[in-house]
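Engineer: Using the sequences and the hints, build the whole thing.
Sequences listed follow chains A and B, in order.
Quick note on the working numbering: the first sequence kicks off at 1 and runs consecutively.
Quick note on the working numbering: the second sequence kicks off at 194 and runs consecutively.
Derived from the structure by calculation, the hints contain no laboratory data.
Errors might be hidden in some of the hints.
As the list claims (entries may be wrong) - Taking CB as the label site, the calculated pair distances span: (1) A/A162 x B/Q549: 30 to 36 Å; (2) A/A93 x B/G510: 56 to 62 Å; (3) A/A135 x B/P232: 51 to 57 Å; (4) A/D136 x B/S221: 55 to 61 Å.
Unchecked claim - From the derived model, a few chain B residues whose C-beta atoms are all more than 10 Å from chain A: (5) G382; (6) Q405; (7) V481.
Using N, Cα and C, we set each Cβ at its ideal position, and we do this for glycine too.
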Amino acid sequence: MDERSDTELLLASRVEPVAFVELYRRHAEDVLRYFARRTLDPEAAAELTAETFAEAYASRRNYRDTGANGVAWLYGIARHQLGRFFRTGTIDAAARRRIGIAREALPADDYERIEELVDLAPIREALAEALETLADEQRDALRLRVIDGLGYAEVAERLGCAEAAARQRVSRGLRRIALVLQERGLSLATEVE
Amino acid sequence: MDTEFEFLRRFESELSMRAKADARREASPTPKYPRRWKPWVAVAAILLVLAAGIGVLANSGLSGSQASMAAVGAARNPGAFVPAPPATNQGRLTFGSSHQNQSVRGAVGDLQGAPADVGATATTAPNIQQEGANGSSSNAAPTDLSKIIRDGQIALTIDDGTFKAKAGTVAHIAAVNGGSILSSSTEGGDSGSFTVRVPAANFDKAMFQLSQLGTVDSSASQGQDVTAQYVDLKAHMKIYLSRRKVLFGLMDKATTIGQSLALQNQLDQVQLKIDQITGQINYINKQVAESTIKVDLHEPGAAVAESPDAIDNPSLGRAWDRAVQGILNVVAVILIGLGYLIPLLIVAGIVFLVVQLVRRRRAPADET
Numbered sequence: 001m002d003e004r005s006d007t008e009l010l011l012a013s014r015v016e017p018v019a020f021v022e023l024y025r026r027h028a029e030d031v032l033r034y035f036a037r038r039t040l041d042p043e044a045a046a047e048l049t050a051e052t053f054a055e056a057y058a059s060r061r062n063y064r065d066t067g068a069n070g071v072a073w074l075y076g077i078a079r080h081q082l083g084r085f086f087r088t089g090t091i092d093a094a095a096r097r098r099i100g101i102a103r104e105a106l107p108a109d110d111y112e113r114i115e116e117l118v119d120l121a122p123i124r125e126a127l128a129e130a131l132e133t134l135a136d137e138q139r140d141a142l143r144l145r146v147i148d149g150l151g152y153a154e155v156a157e158r159l160g161c162a163e164a165a166a167r168q169r170v171s172r173g174l175r176r177i178a179l180v181l182q183e184r185g186l187s188l189a190t191e192v193e
Numbered sequence: 194m195d196t197e198f199e200f201l202r203r204f205e206s207e208l209s210m211r212a213k214a215d216a217r218r219e220a221s222p223t224p225k226y227p228r229r230w231k232p233w234v235a236v237a238a239i240l241l242v243l244a245a246g247i248g249v250l251a252n253s254g255l256s257g258s259q260a261s262m263a264a265v266g267a268a269r270n271p272g273a274f275v276p277a278p279p280a281t282n283q284g285r286l287t288f289g290s291s292h293q294n295q296s297v298r299g300a301v302g303d304l305q306g307a308p309a310d311v312g313a314t315a316t317t318a319p320n321i322q323q324e325g326a327n328g329s330s331s332n333a334a335p336t337d338l339s340k341i342i343r344d345g346q347i348a349l350t351i352d353d354g355t356f357k358a359k360a361g362t363v364a365h366i367a368a369v370n371g372g373s374i375l376s377s378s379t380e381g382g383d384s385g386s387f388t389v390r391v392p393a394a395n396f397d398k399a400m401f402q403l404s405q406l407g408t409v410d411s412s413a414s415q416g417q418d419v420t421a422q423y424v425d426l427k428a429h430m431k432i433y434l435s436r437r438k439v440l441f442g443l444m445d446k447a448t449t450i451g452q453s454l455a456l457q458n459q460l461d462q463v464q465l466k467i468d469q470i471t472g473q474i475n476y477i478n479k480q481v482a483e484s485t486i487k488v489d490l491h492e493p494g495a496a497v498a499e500s501p502d503a504i505d506n507p508s509l510g511r512a513w514d515r516a517v518q519g520i521l522n523v524v525a526v527i528l529i530g531l532g533y534l535i536p537l538l539i540v541a542g543i544v545f546l547v548v549q550l551v552r553r554r555r556a557p558a559d560e561t
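Structural biologist: Structure follows, in structure tokens:
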């Protein structure tokens, strides 16, 4: 276990790149949770997490110790990524390409695990309204999964499609809803500092 | 990493591999550049070197072909052959056909023999050209085209009390060599400086005679080759003379006052240029025809009269000109090379775009 602080790890990673991996171990789940609560979409959350750490790794030499915890710098990058996601509705993979890491699909089991990170209770009412903006396929999948609380196997069975397709419909629908809620100025979660 | 998310574990593995690779690279002494532009720097450098190489080859090939054309011309008409002027003595690249050069050389050769005629009046210029054309077709002996301005300086210590007599001898030497004293200055009756102008043909003789006046403290002579400048002026002169001839022809055909005025205006400008070039040619001819010798005489212990330009400063202006010329030469060679490379690059670019297009079309197919 590395005893160094986040700031020390970031500073050390300039000449000792492996130190950055320790920083990733400490904060990857928190950053994933941060994105999951804001995008509602497991796929988008995972992609944004990877892109944030890739961007931080690529530009770690730009980090300056200003006295605050080094993790604040990391969340600064995360906020930037999130803002771009809400503006464009897409997730860039430029930083991953720059450091030579391939874009990977989200494993099936991770969908449900990431959804569990999201506390949907406070936004259920807003969700119901936002659902009306979705295509029928996505709306049905979301209702079954988010409002009725069914598992993906059951959702797929009810919709008469493969489980992977059900996952994709829910994922796309959630991403759309997150964008709609963002446009309406609804805060999905408080900022992590 | 202790996490239940498979995605995060995979990414950690990738990140760790990348960090270890970077750590190895950090430890190696090789220079590090951002991955994104390193290949472009290499490609640009290779292209520049390639262009320069091709440019040098193309340039030498061009010079070779010009030389062979000149040789062929000489074989056909030996009498008209004129040795090429040393155009490279000012670090200048010359581009142009051998035909043009020969025409200019012909005109130059004839003008050299009669410099006074050139400057007589602007209207006599066509006659000079005519004579030049005739001269180039006659079987005259090979003409030395080199235009060299020769100057010299000599400082002498003379015997006590002989300054006045020696000063008179300097004037005599100038006179017997067909020259004169351009300026003189004396100081205290025992030392002085003289600027002597003598015909270039008598330069060496005059320098020798002056050196016999006393003990030589220092002596120097310089030659400034202005052949290339002279040839350029002659080429310009030929162009303007041709233009004037055309304008005269148009004047004859002009039917309106407006046309006549416009042509007259152009004719005036051309005539002005001809006058200017004629003046420059006359100046060079005069400088070449006569040499300047600066003579310093002083008795032992006398204060040496120092002329204002006695100190031979290095010519920064000339150094700058040569530097600029050198840069232009390199740029010219690279430009020639690029001329050969650009068509190849266009083909390579089209191939690259096609490959990119095919890849992009395949990518979505792979994703599905």
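Engineer: Run every hint past the structure and note whether it holds.
Structural biologist: Consistency of the hints with the structure:
no. : hint                        : verdict
1   : A/A162 x B/Q549: 30 to 36 Å : holds (34 Å)
2   : A/A93 x B/G510: 56 to 62 Å  : holds (59 Å)
3   : A/A135 x B/P232: 51 to 57 Å : violated (44 Å)
4   : A/D136 x B/S221: 55 to 61 Å : holds (58 Å)
5   : G382                        : holds (81 Å)
6   : Q405                        : holds (79 Å)
7   : V481                        : holds (67 Å)
The structure is inconsistent with hint 3 alone, although it conforms to all the rest.
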